[in-house]
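Novice: In order, the protein sequences belong to chains D, B and G. When we follow the working numbering, the leftmost residue of the first sequence carries the number 1, and every step to the right adds one. When we follow the working numbering, the leftmost residue of the second sequence carries the number 1001, and every step to the right adds one. When we follow the working numbering, the leftmost residue of the third sequence carries the number 2001, and every step to the right adds one.
There could be a bad hint or two in this list.
[Unchecked claim] Computed beta-carbon distance windows for the label pairs:
(1) D:215 / B:1071: 49 to 59 Å
(2) G:2124 / B:1133: 44 to 54 Å
(3) B:1127 / G:2075: 47 to 57 Å
(4) B:1126 / D:274: 27 to 37 Å
(5) B:1156 / D:314: 41 to 51 Å
(6) G:2104 / B:1299: 36 to 46 Å
(7) G:2093 / D:210: 44 to 54 Å
(8) G:2128 / B:1134: 56 to 66 Å
(9) G:2159 / D:27: 46 to 56 Å
(10) D:47 / B:1113: 18 to 28 Å
(11) D:111 / G:2376: 36 to 46 Å
(12) B:1113 / D:111: 50 to 60 Å
(13) G:2159 / B:1283: 51 to 61 Å
[What the hints assert, rightly or not] Result set (DSS-like, lysine-lysine): computed pairs, CA atoms no more than 25 Å apart in a straight line:
(14) B:1117 / D:37
(15) G:2089 / G:2161
(16) B:1117 / D:309
(17) G:2262 / G:2478
(18) B:1088 / G:2089
(19) G:2179 / G:2189
(20) D:270 / B:1117
(21) B:1117 / D:41
(22) D:309 / D:193
(23) G:2216 / G:2200
(24) G:2377 / D:237
(25) G:2331 / D:237
(26) G:2331 / D:138
Hints in this document: simulated from the structure, not taken from any laboratory. Glycine residues also receive a C-beta, built at the ideal position from the N, C-alpha and C atoms.
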Amino acid sequence: MKGKKKPGDFLASLTGLAITLLIAFGLVVALILILSKTPGKMIYYFFLGPFTNTYYLGNMLNAAVPLVFSGLGMAVAFKSSVFNLGGEGQVYAGGLAVTLVCLGLPSANGFLGGLLAVMAALLLGGGIAGLSGFFKVKWNVDEMISSFLISSIVLLVVNYFITGPLDDPGNNMLASLPLAHQYNLMKLFSPSKLNLSALFAIAASALTFLFMSRSHIGYEMRMCGLNREFSRYGGIKVSRYLVLPMIIGGALHGLGGGLMVLGTYQVLYKGFSFGMGWNGIAVALIARNNPLGVVPAALLFAYLDAGAKAAMLNGDITFEIASIAQSIIFFFITAQILSDLARKTRRVK
Amino acid sequence: MRNSQFAIPFLHSAIEIMTPFLLAAIGGLFTELSGMLNIALEGLMLAGAFFCVTFAATTGNLFLGILLGILCTMLLSLLFGMTTIYLKANVFITGLATNLFASGFTVMLAFQLFGTKGVIQFPNIPRLPVLMVPDSLQRIPFVGDILFGHNVIVYLSWLIVAIATVVIYRTPFGMRLRGTGMNRQTIVSLGLSPGRYQLVGMLISGFTCALAGSMLTIQLAAFVPEISAGRGWIALVAIYLGNRTPAGILVASFIFGLSESFSNYAQGTIRIPSDFILAFPYLITIVAMILYSVWRQSRRGT
Amino acid sequence: MPYLEMKGITRLYENGLRANDAVDFSVEENEIHAIVGENGAGKTTLMNILYGLTRSDSGTIILDAARVSIRNPQDANRLGIGMVHQHFKLIPDFTVAENVVLGIEPVRARLFVDRAAAKANILEIVSRHGFSIDPDASVRDLTVGQMQQVEILKMLYRDSKLLILDEPTSVLTEQEIEKLFGTLRSLKKGGRTCVIITHKLQEVLEISDRLTVMRKGRVVAVRRTAEIADRAELARLMVGRDVLYPLVRMEKKRGRPILELKDVTLTQRGRGQPLLDRINLTVHSGEIIGVAGVSGNGLGELEDVVSGLRRISSGQIFHNGHDVSFLDTGKLREGGMAYVPANRLRRGASLHASVMENLIVSNHHRFLRAGFLRNNKIFEYSMELIKSFGIHGKPRVQIGTLSGGNIQKAILARELTSTADMVVVCEPTWGLDVESSQFVYEKIFSMRAAGAGVLFISSALDEILGIADSIMVLYRGKMVAFLANGRIVRDNQHQSRQLKEYIGEYMLGLRDDFASVGTEKKETQP
Chain D
1 MKGKKKPGDF LASLTGLAIT LLIAFGLVVA LILILSKTPG KMIYYFFLGP
51 FTNTYYLGNM LNAAVPLVFS GLGMAVAFKS SVFNLGGEGQ VYAGGLAVTL
101 VCLGLPSANG FLGGLLAVMA ALLLGGGIAG LSGFFKVKWN VDEMISSFLI
151 SSIVLLVVNY FITGPLDDPG NNMLASLPLA HQYNLMKLFS PSKLNLSALF
201 AIAASALTFL FMSRSHIGYE MRMCGLNREF SRYGGIKVSR YLVLPMIIGG
251 ALHGLGGGLM VLGTYQVLYK GFSFGMGWNG IAVALIARNN PLGVVPAALL
301 FAYLDAGAKA AMLNGDITFE IASIAQSIIF FFITAQILSD LARKTRRVK
Chain B
1001 MRNSQFAIPF LHSAIEIMTP FLLAAIGGLF TELSGMLNIA LEGLMLAGAF
1051 FCVTFAATTG NLFLGILLGI LCTMLLSLLF GMTTIYLKAN VFITGLATNL
1101 FASGFTVMLA FQLFGTKGVI QFPNIPRLPV LMVPDSLQRI PFVGDILFGH
1151 NVIVYLSWLI VAIATVVIYR TPFGMRLRGT GMNRQTIVSL GLSPGRYQLV
1201 GMLISGFTCA LAGSMLTIQL AAFVPEISAG RGWIALVAIY LGNRTPAGIL
1251 VASFIFGLSE SFSNYAQGTI RIPSDFILAF PYLITIVAMI LYSVWRQSRR
1301 GT
Chain G
2001 MPYLEMKGIT RLYENGLRAN DAVDFSVEEN EIHAIVGENG AGKTTLMNIL
2051 YGLTRSDSGT IILDAARVSI RNPQDANRLG IGMVHQHFKL IPDFTVAENV
2101 VLGIEPVRAR LFVDRAAAKA NILEIVSRHG FSIDPDASVR DLTVGQMQQV
2151 EILKMLYRDS KLLILDEPTS VLTEQEIEKL FGTLRSLKKG GRTCVIITHK
2201 LQEVLEISDR LTVMRKGRVV AVRRTAEIAD RAELARLMVG RDVLYPLVRM
2251 EKKRGRPILE LKDVTLTQRG RGQPLLDRIN LTVHSGEIIG VAGVSGNGLG
2301 ELEDVVSGLR RISSGQIFHN GHDVSFLDTG KLREGGMAYV PANRLRRGAS
2351 LHASVMENLI VSNHHRFLRA GFLRNNKIFE YSMELIKSFG IHGKPRVQIG
2401 TLSGGNIQKA ILARELTSTA DMVVVCEPTW GLDVESSQFV YEKIFSMRAA
2451 GAGVLFISSA LDEILGIADS IMVLYRGKMV AFLANGRIVR DNQHQSRQLK
2501 EYIGEYMLGL RDDFASVGTE KKETQP
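Okay, chain D solo, but in the shape it has when bound:
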């Protein structure tokens, strides 16, 4: 079989994706039919609701932004064969970093202060993940488990900050004091929450793609991801690429969390980013770890959430139907059989 890598495989995985989505959406429809008293209306709102007005649409696009960042973070990690299971904590920590900087500099210049905040998010997220990488290189501690454990601790620590030192005594919400106004990112589609961070997301996707596929470091990272023994044999410093992908991944996750606080919420509230880490994994997988594919994949996930929200606001379906649909996608998205089948039927020779 001396075939080229690109066209046949791509089409096969698209077909696999299509089948997966069909099953997921089919299940959603089935559940709606069983559970709802107004199935027709629910189906309408679930599938088309997000497009009915700019508010829903803008919010959907905005919800995709953190998914792009965590998806990029996971794509970089997966391509390097490194397993970052700590996304949840890294995103959450990014939010904390931004909040700490902005609250600490209440009257600084919006642009400069915001830049500093973003850098803090990158550093904190990258540092947390990098710790796991360091443990892996130094003591061969499995980075998957260690990143998960560290992330679990980070979640609790950030919660402590929110309900403790940063707590806003003025209201009963589990949230920090609000950030000063100059730090709010410019809105794009008022009154929805869509803001400048969406553009950052697109830029990040393009930059990550260029980095991974064309740059020197990207090449070495990918080679280590494909075959570490070979890379070491070829003279690449493999230990460096056990840590670096974790740092980059963690930084991207942190950036996503930080931008959520700056752009969408302007405040750090408890649980604002829960699920972003896990969904980032799904986004990366749907995109087959291709940084450019992360954007449509993130939109897909955000679409599911938005549809469920629209249905929930207009009827009797619970929001959880989104996570059920998402879990079905998770179940089937990596099923090789599907894409193998697609590949076999194409080869009519």
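Using the hints, position chains B and G against chain D.
Specialist: Relative to chain D, chains B and G alone:
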């Protein structure tokens, strides 16, 4: 006097607390030995917690309720197993899918059946029976107070560990299961189907996780969303910490039971923010992992 | 009436490759039958079909005058067919007994494995056939020859009547091969039938009663072994033309030392014996030093330490006079090292990466501009290498889709065109056909002619005798013999078989004197 007043209830509750870890981990051991990474212990436990208590409440019969709950949980683990083994999906991802599905599905069903997405009380549910032991055993100083007086599932878990040990090391099934995990090609060349053993291992983990979950909710007589609270993940760590043997898992689960028991007691008495106390099990796990790796490296002379 | 008849067997792969093309194959009862052919001839596919590991697309199988259907190895076992694969299917952490009975475990009380019965049965078979194996030993501790015996035990335990062995001698020394042949002959006397898949001409002539020659998926000849005159005739049948021609090794003057190992030792915690024990060796410019040994005796470890992938425990390594003992592979390469590894599919290549990406792994720094790789320059470079080495493949395809020979060519292209003067080559022709092997030797000779010092590590003694200027023999990590090859071959022209046995004895540790034959230098005693 104060020490033993603290120590005995502390250890007694540690035994009880460790049971869900133990059950989930021993089931997970079967999947692990067959070569499948099982990160769905959390989701399976959550599903078990919900289904067992719901069926127990609606049928009014504890045994029947738990049985039905186990069956439903095993269905979920069947989905996990089939997609991974026969559709060749990535085991890590399908594990996440199982967890996500359990989270969403339990809340959705809870809402449909009981009208609320929050805590659901089941005040009329039968209590978990406590195993009665003859007075002579109960009166043994120290040991007697710690080991006896627990509910049935605690003792059942010990029985399951014993049975698991025998099955894994002394039956053909156990040999083939371990063979599948060690060298899949060999199993195939013998004409055996590795998928079959992996699937059975997966179903076993569904069974034990359901039992683990049932203990959480039935004791509480309530279902709380996400009641599993990370225990499934800790059980996974217990498998590795226990070096993938039933005896090791017993010890590791006990350590985690101790840690959680400690954090429960500490939350009341010691002046540390509650979040930090909750983080304690994760912290000692990661320290244990690092120490273990350092120790192993020094042994190997690298 | 033949015992086994396979008629019209055809097996087509998705990409159109005809692994078996209307193959007719028959085996008489109680004979030893060899299936001979180059790599890719279809021999293993045919036997995999017979053993139920693969399905044929058409054709029938007739065993003992009855038509049979074999859909999986259990069917094959039930019909009395057993197979020993080229890569052993054993579980290292299980004992011999567990490995033998896995799948048909004897049970006690319907639930538990009856270990005592298993052990008794195995001991009975072991004594009957003169094996030297302890059923309670862990397979991980066995030698390769013993592992093969365990595989044969598996078949005897299932009372197989027809035993298939796939390339059984590729991992054995001369003595172990003799032992294996003895076992096969006794199996034959015991009423069983054996089929051997092999490409080793000498062994075919020695052990088989009849043979079938396959080429490119077809049967091209079936003969009584006694009718074949010599290896050359057999080779002609296999490849279709005369191929065996002697290698021409030109006399070359030795230059300065390129690679020096001084008392190099490698130990591992938990292993009593060192893996490498005070190795002293010098490779000069324009010289090929061969390292012979049975796999597991330090060849792999020597490869690892010389290439920088493993750190030595004591001793020193010098490259052109510089101490490089603690440098990693990257630094060694910068200093002028080329390395063709034994494990070409895992270490020598990244199967999922493209040919281009594989070719530049050690020198991709040459193609950088402002931190980015220049893909068009890389493409050009790859095309040049593809042309000069005759690689059948395009730069952008996954290298894993190329044939084994072409992957090896790509590895050679990457390693042997550098300006390296220290060349480490390990098992370079394993699994390659005659033509590709010749190509490899020629390339190595040209490196030698250009002044490189070549360390040639191989467990194929024939190869080393044909290539090396001097031969070092490793046994259990120690250097047990050092022979200046030119002298030996000249003096022993007619006795190459005895020579191989002589060296083989060192490889097996059967001699404890140190042989230093025909060398000018005095080597230190171990």
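Novice: Run every hint past the structure and note whether it holds.
Specialist: Against the structure, the hints:
1. D:215 / B:1071: 49 to 59 Å: holds, 53 Å
2. G:2124 / B:1133: 44 to 54 Å: holds, 50 Å
3. B:1127 / G:2075: 47 to 57 Å: holds, 55 Å
4. B:1126 / D:274: 27 to 37 Å: holds, 35 Å
5. B:1156 / D:314: 41 to 51 Å: holds, 47 Å
6. G:2104 / B:1299: 36 to 46 Å: holds, 38 Å
7. G:2093 / D:210: 44 to 54 Å: Distance hint for residue 2093 of chain G, residue 210 of chain D holds at roughly 46 Å.
8. G:2128 / B:1134: 56 to 66 Å: Holds, at about 57 Å.
9. G:2159 / D:27: 46 to 56 Å: holds, 52 Å
10. D:47 / B:1113: 18 to 28 Å: holds, 26 Å
11. D:111 / G:2376: 36 to 46 Å: holds, 40 Å
12. B:1113 / D:111: 50 to 60 Å: Roughly 53 Å apart at Cβ, these two residues keep to the hinted range, so it holds.
13. G:2159 / B:1283: 51 to 61 Å: Holds - the Cβ-Cβ distance for residue 2159 of chain G and residue 1283 of chain B, about 59 Å, lies within 51 to 61 Å.
14. B:1117 / D:37: Holds, at about 19 Å.
15. G:2089 / G:2161: holds, 20 Å
16. B:1117 / D:309: holds, 16 Å
17. G:2262 / G:2478: holds, 13 Å
18. B:1088 / G:2089: Given that 25 Å is the threshold and the Cα spacing comes to 23 Å, the pair holds.
19. G:2179 / G:2189: holds, 15 Å
20. D:270 / B:1117: Judged against 25 Å, a Cα distance of about 19 Å means the pair holds.
21. B:1117 / D:41: holds, 23 Å
22. D:309 / D:193: Cα-Cα ~15 Å, so holds.
23. G:2216 / G:2200: Between residue 2216 of chain G and residue 2200 of chain G the Cα gap is close to 17 Å, so the pair holds against 25 Å.
24. G:2377 / D:237: holds, 24 Å
25. G:2331 / D:237: Satisfied, since the Cα-Cα distance of roughly 10 Å is no more than 25 Å.
26. G:2331 / D:138: Judged against 25 Å, a Cα distance of about 21 Å means the pair holds.
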